[in-house]
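Peer 1: Residues per chain, in single letters:
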Amino acid sequence: DGGITQSPKYLFRKEGQNVTLSCEQNLNHDAMYWYRQDPGQGLRLIYYSQIVNDFQKGDIAEGYSVSREKKESFPLTVTSAQKNPTAFYLCASSSETGVNQPQHFGDGTRLSIL
Amino acid sequence: AQSVAQPEDQVNVAEGNPLTVKCTYSVSGNPYLFWYVQYPNRGLQFLLKYITGDNLVKGSYGFEAEFNKSQTSFHLKKPSALVSDSALYFCAVKDMDTGRRALTFGSGTRLQVQP
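Chains as they are written, first to last, in my numbering: chain A, 446 to 559; chain B, 941 to 1055.
Simulated from the structure, these hints should not be mistaken for laboratory data.
Each hint should be verified, as a subset may be incorrect.
What the hints assert, rightly or not - Distance condition first, Cα-Cα at most 20 Å in a straight line; then the derived EDC-like pairs of lysine to aspartate or glutamate:
1. B:1017 <-> B:1006
2. A:502 <-> B:1006
3. B:962 <-> B:949
4. B:962 <-> B:948
5. B:989 <-> A:541
6. B:962 <-> B:1025
Unchecked claim - Interface residues of chain B toward chain A, partial, derived using beta-carbon atoms under 7 Å:
7. 972
8. 982
9. 989
10. 991
11. 1019
12. 1047
No experiment lies behind these values; they were computed from the predicted model shown.
C-beta atoms are modelled at their ideal positions from N, C-alpha and C, and glycine is treated no differently.
Bound conformation, chain A alone:
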């Protein structure tokens, strides 16, 4: 089945530690996105990428980094500079052949501080 796989489902971070969240898609989509979800705040865009080897900052990029070396993969690193990383992180992808295509979402990674 085609879809988006996020791993791990749960992740714990220690103080001063960087952690990387994985996102893989087999939908052959060009565009990929990372969102952060906090209670009562909806989804906020962290980074997005419309093509391999290119990405743009979203609304809350500080303390995060990404790479897009392969079309299928868009990992997100939560760095020690992100002082409040506890949240539910969602990865999404969409086809760019038509800009009106809906985004497909993975099932998320829940990150907590130890």
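Keeping the supplied structure of chain A fixed, place chain B upon it in accordance with the hints.
Peer 2: Below, chain B alone, put in the same frame as chain A:
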């Protein structure tokens, strides 16, 4: 800039009654509008979208939404609610006329359907 407002944190409705979840938007150009649903500890699932054409859009699971340009609204509706419709619903917008390809989401509305 593009933005979305969902004025109700929670909507309660009895099973079998019609439901409405409200959404208003703001864009500088023309909007693409979307509704998504989220079940606990899951990602978002696409319900329906408005791009152009008919103002009444039909989507998955019996949901529909009405686009109203003068009121800048895109309310989600269903004629007869089911207990299984209980979930978190998000409205999202993309401005057709800007370079930003990412969606802007509302804060979400929790729908509770009582048996």
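Peer 1: Taking the hints in turn, state whether each one holds.
Peer 2: Hints and how they fare:
About 8 Å separates the Cα atoms of residue 1017 of chain B and residue 1006 of chain B, which keeps this hinted pair within 20 Å; it holds. A distance of roughly 32 Å separates the Cα atoms of residue 502 of chain A and residue 1006 of chain B; the hinted pair therefore is violated under the 20 Å criterion. Pair hint residue 962 of chain B plus residue 949 of chain B holds up; C-alpha atoms about 10 Å apart against a cutoff of 20 Å. Simply put, residue 962 of chain B and residue 948 of chain B have alpha-carbon atoms about 7 Å apart, close enough for the 20 Å limit, and the pair holds.
Among the hinted pairs, residue 989 of chain B with residue 541 of chain A is consistent with the structure: their alpha-carbon atoms are about 16 Å apart, no more than 20 Å. The straight-line distance between the Cα atoms of residue 962 of chain B and residue 1025 of chain B is roughly 16 Å, inside the 20 Å bound, and the hint therefore holds. Interface hint status for residue 972 of chain B: upheld, as the beta-carbon distance to the closest one in chain A is roughly 5 Å, under 7 Å. Against a cut-off of 7 Å between C-beta atoms, the interface hint on residue 982 of chain B holds, since the closest Cβ of chain A lies about 5 Å away.
Interface restraint check: residue 989 of chain B against chain A, minimum CB-CB distance 6 Å, threshold 7 Å, status holds. A cut of 7 Å between beta carbons decides the hint on residue 991 of chain B: the least distance to chain A is about 5 Å, and the hint holds. Annotation: residue 1019 of chain B was flagged as interfacial toward chain A, and the flag is violated, the nearest CB pair being 23 Å apart, outside 7 Å. Because the smallest distance between the Cβ of residue 1047 of chain B and any Cβ of chain A comes to about 4 Å, under 7 Å, the interface hint for this residue holds.
Violation of the numbered hints given earlier is confined to hints 2 and 11; the remaining hints are satisfied by the structure.
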